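Given next are the chains, with one letter for each unit.
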Amino acid sequence: MAAGLRFCFLLVGLMLTGTVAMACTTCNPPLQAAIFRENFLSRFLFILLPFVVVGLICMRLSKLK
Amino acid sequence: MGGFVDGIVLHQILQWHQMLSAKLPPDTLLNKEVNMFWDGIFHAFTWLTTAVGIGLLWRLIYRRDAALSNRIFVGGLFFGFGLFNVVEGLIDHHLLKLHNVREISESQGLWNWGFILVSLLMLAGSWLAIQKGRRDVHRQLPG
Numbered sequence: 001m002a003a004g005l006r007f008c009f010l011l012v013g014l015m016l017t018g019t020v021a022m023a024c025t026t027c028n029p030p031l032q033a034a035i036f037r038e039n040f041l042s043r044f045l046f047i048l049l050p051f052v053v054v055g056l057i058c059m060r061l062s063k064l065k
Numbered sequence: 001m002g003g004f005v006d007g008i009v010l011h012q013i014l015q016w017h018q019m020l021s022a023k024l025p026p027d028t029l030l031n032k033e034v035n036m037f038w039d040g041i042f043h044a045f046t047w048l049t050t051a052v053g054i055g056l057l058w059r060l061i062y063r064r065d066a067a068l069s070n071r072i073f074v075g076g077l078f079f080g081f082g083l084f085n086v087v088e089g090l091i092d093h094h095l096l097k098l099h100n101v102r103e104i105s106e107s108q109g110l111w112n113w114g115f116i117l118v119s120l121l122m123l124a125g126s127w128l129a130i131q132k133g134r135r136d137v138h139r140q141l142p143g
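First to last, the protein sequences are chains A and B. One point on numbering: in full-length UniProt numbering, the residue at position 54 of the first sequence is 54, and numbering is uninterrupted. One point on numbering: in full-length UniProt numbering, the residue at position 58 of the second sequence is 58, and numbering is uninterrupted.
A hint or two may mislead.
Below, simulated DMTMM-like cross-link-like pairs (lysine to aspartate or glutamate); rule was C-alpha separation at most 20 Å, straight line [what the hints assert, rightly or not]:
1. K23/B / E106/B
2. K23/B / D39/B
3. K132/B / D39/B
4. K23/B / E38/A
5. K63/A / D65/B
6. K23/B / D136/B
Calculated from the structure, these hints are not laboratory results. Predicted, not measured: the structure shown is a model, and the values here were computed from it.
Whenever a hint applies, use it, and build me the whole structure from the sequences.
Structure, rendered in structure tokens:
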């Protein structure tokens with residue numbers, strides 16, 4: 001069998017069986033476990049925090065004449 | 001705008017950092033994917049903020065006393081850009097230490113403070129532009 005063909009079979013086999021390589025949040029249980037941990041809410045609030053602060057500053061600035 | 005430049009240029013194109021790269025280094029595929037998820041959350045908030053901004057701008061146009069000027073508009077865009085970068089830089093880089101501007105660097109602190117400095121300059125320049133725009137508008141008003 002040609003080396004190229006063997007390589008193609010290997011590649012297809014890996015693609016069909018390799019669950020780790022699935023970059024899909026809704027179909028990758030290890031990824032879901034790594035995201036939705038006990039610190040999910042704190043991380044979510046940390047990322048939201050700069051937006052809240054900017055919003056409050058903008059509200060204050062809009063009151064200035 | 002500041003959030004999109006950060007997210008698109010620094011997170012995705014240059015890949016200097018990701019949302020949690022100081023806490024969760026993206027050195028495995030799983031860590032990279034988790035960082036990508038939180039990058040997406042950051043982009044979603046940026047998108048919502050932009051939508052709210054467009055809504056407020058649209059409402060402002062209908063006010064009779066609105067100072068419609070190119071200088072104020074561009075100044076306002078860059079003011080928001082600088083303000084977001086200063087706040088995000090102080091909170092995410094210095095206070096919470098979620099990521100550094102340039103994760104793979106011998107002088108991460110220098111990059112972080114440089115980011116704040118450039119943002120403060122942008123903030124000051126755009127504030128001056130807005131004030132000049134306001135003066136121009138008031139000068140053009142009849143009476």
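Verification of the supplied hints:
no., hint, in the structure
1, K23/B / E106/B, "holds (17 Å)"
2, K23/B / D39/B, "holds (14 Å)"
3, K132/B / D39/B, "violated (37 Å)"
4, K23/B / E38/A, "holds (15 Å)"
5, K63/A / D65/B, "holds (15 Å)"
6, K23/B / D136/B, "violated (48 Å)"
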